[in-house]
Amino acid sequence: MSFESPSLNVACRRARTWISRSMDDDLDETSRLRLNDHIASCAECERHQAVLQQGRTLLRGAEAEPSDNFEWKVQLGIQRALRERAAVELEPRSTGFWRPAMSSAAAVALLVVGAGWFFLPGQESTSVGGATFADPMPRVASTPVEQPDLSGAIPGTPIEIDATGSDFGIRTVGSFDERFRGDLYDPIRRDASTPDVEAVSELFRKMARGTMPGLRPVADGRRWPAHARTMGGTRGVQVLNLQIHGSKMPSAVVDDTMAVPETPDPR
Amino acid sequence: MGLAEKVTMLDPDRRPVDRTALSDEDLMLRVQAGEKSCFDILVTRYKTRLFNYLLRLVSDPDLAEELAQDAFVRAYVNADKYRTIARFSTWLYTIATNLVRNRYRQKKRRPPVLSLFFSRGDGEEEIAQDIADDAPNPEELAVGEDLERLIREVTEQIPERYRIPFVLREVNQLSYEEIRAVTGLKLGTVRSRINRARNHFRRLIEPMLEDGLIVPDNDA
Chain A
1 MSFESPSLNV
11 ACRRARTWIS
21 RSMDDDLDET
31 SRLRLNDHIA
41 SCAECERHQA
51 VLQQGRTLLR
61 GAEAEPSDNF
71 EWKVQLGIQR
81 ALRERAAVEL
91 EPRSTGFWRP
101 AMSSAAAVAL
111 LVVGAGWFFL
121 PGQESTSVGG
131 ATFADPMPRV
141 ASTPVEQPDL
151 SGAIPGTPIE
161 IDATGSDFGI
171 RTVGSFDERF
181 RGDLYDPIRR
191 DASTPDVEAV
201 SELFRKMARG
211 TMPGLRPVAD
221 GRRWPAHART
231 MGGTRGVQVL
241 NLQIHGSKMP
251 SAVVDDTMAV
261 PETPDPR
Chain D
1001 MGLAEKVTML
1011 DPDRRPVDRT
1021 ALSDEDLMLR
1031 VQAGEKSCFD
1041 ILVTRYKTRL
1051 FNYLLRLVSD
1061 PDLAEELAQD
1071 AFVRAYVNAD
1081 KYRTIARFST
1091 WLYTIATNLV
1101 RNRYRQKKRR
1111 PPVLSLFFSR
1121 GDGEEEIAQD
1131 IADDAPNPEE
1141 LAVGEDLERL
1151 IREVTEQIPE
1161 RYRIPFVLRE
1171 VNQLSYEEIR
1181 AVTGLKLGTV
1191 RSRINRARNH
1201 FRRLIEPMLE
1211 DGLIVPDNDA
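Keeping their order, the protein sequence lines are chains A and D.
First residue of the first sequence? That's 1 in the working numbering, and the numbers climb one at a time after it.
First residue of the second sequence? That's 1001 in the working numbering, and the numbers climb one at a time after it.
Just chain A, same shape as in the assembly (with noise of 0.2 Å):
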């Protein structure tokens, strides 16, 4: 179906093609003073243009952004992808009457990694750093932690999660609050692929010294692959999950993050 006009004329037809060329610089200079000629005479076909040319720039004018967390689902798919794909390479070779069943078996265990990747917390660890982007996942937690249930929880309100023999390192949820925003948001998203250390250090001081009330650090006195990324949250409440290992920051800031005690609740 063609929705140019049935009654437009052959001038015409041919002009279009000519403005829809001329928009991208692929017109000779014959073609182009003709066109000029025929739309000097001829309204609907300047119209055409004028149309054609405030659409290209509402079109290049909005532009909508992926969400934050673009990237860490990028490393996630990558992680996940490059797992399925071991797992296929590892795949005993079968013949006749035993492989249909291999296969099946290798599909349903898939699954069941795959299920373990989302429903695990502990295997949420991928690395905003480019550093680890592709690291090995650590250990499989052997103690699910059950995911906190943010839906009734309100902004500006401090939750808080024990991590205590699972297989995180330090796991904060920390509220929605304009007051913590750069604190919390721009130390990590600054620069995604590298995220400065520093000012991740410092937030894990600030939080060790509870000069952060709305933010506890909950340590279960163990050292874990160094992760800093922040969690999709529901309801305005965003959760960051913060993770810190020896070899990727200073010492001194990990005995003073790792070691630090229960902070008391400022309520």
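Don't read these hints as lab results, they were simulated from the structure.
Every residue, glycine too, gets a C-beta built ideally from N, C-alpha and C.
Where hints are given, some of them may not hold.
Derived BS3-like pairs: lysine-lysine, alpha-carbon spacing no greater than 27 Å straight-line [what the hints assert, rightly or not]:
1) LYS1081/D / LYS73/A
2) LYS1081/D / LYS1186/D
3) LYS1036/D / LYS73/A
4) LYS1081/D / LYS1036/D
Just so you have them, the derived chain A footprint on chain D, three or more residues with Cβ under 8 Å [what the hints assert, rightly or not]:
5) 1043-1051
6) 1196-1208
Quick look at which bits of chain D chain A covers, simulated, 3 or more residues with Cβ under 8 Å [unchecked claim]:
7) 1068-1075
8) 1094-1101
Since the structure of chain A is already known, use the hints to place chain D on it.
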């Protein structure tokens, strides 16, 4: 050749290199050589462009983001297949376009089942049902409405086969040759599809411009 040797070949002087200043193609060479962090730079560089391209094609922000992420994942996982004879952007758009085409095919294979009638429940009579028109109407398009969403809804109404070259040209500003490479269409077909898409677009956008529902910012 080991990864360390490959990276050394890329940095013969062993001087610190500002990765963010490298071209897309040089970054991909480094990704192939094992510098995985270089891919982060490419993601940062292209995420908005790719997301907007896909958003114009599928009109669903969540799906567009999912497809964009999938495209990056595939680009990374298949980085060894990339050859520098093609621009990275063209290669990335090709991957994304193929993902969209697959979505279109899936959609066609599973057409939504929608009855035009509903029963009153007495088994006797079926009554015609009003079907919601998803196209924007003037009441919905109040002044101050989100321009991005309006444009998305307009673009969605351009037939799929014309939409891909049109968006690549008008939004992402790819050349005809690049669009040919991404879509696999002949150059003449690229030209004619863009022209046809523009005719559609004009018909869709003109009433909104006339009604003052959207005002182009000529500084954009």
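Structure-based check of all given hints:
no.	hint	in the structure
1	LYS1081/D / LYS73/A	23 Å, holds
2	LYS1081/D / LYS1186/D	24 Å, holds
3	LYS1036/D / LYS73/A	16 Å, holds
4	LYS1081/D / LYS1036/D	15 Å, holds
5	1043-1051	holds (count 5)
6	1196-1208	holds (count 9)
7	1068-1075	holds (count 6)
8	1094-1101	violated (count 0)
Hint 8 from the earlier list is the only one contradicted by this structure; the remaining hints agree with it.
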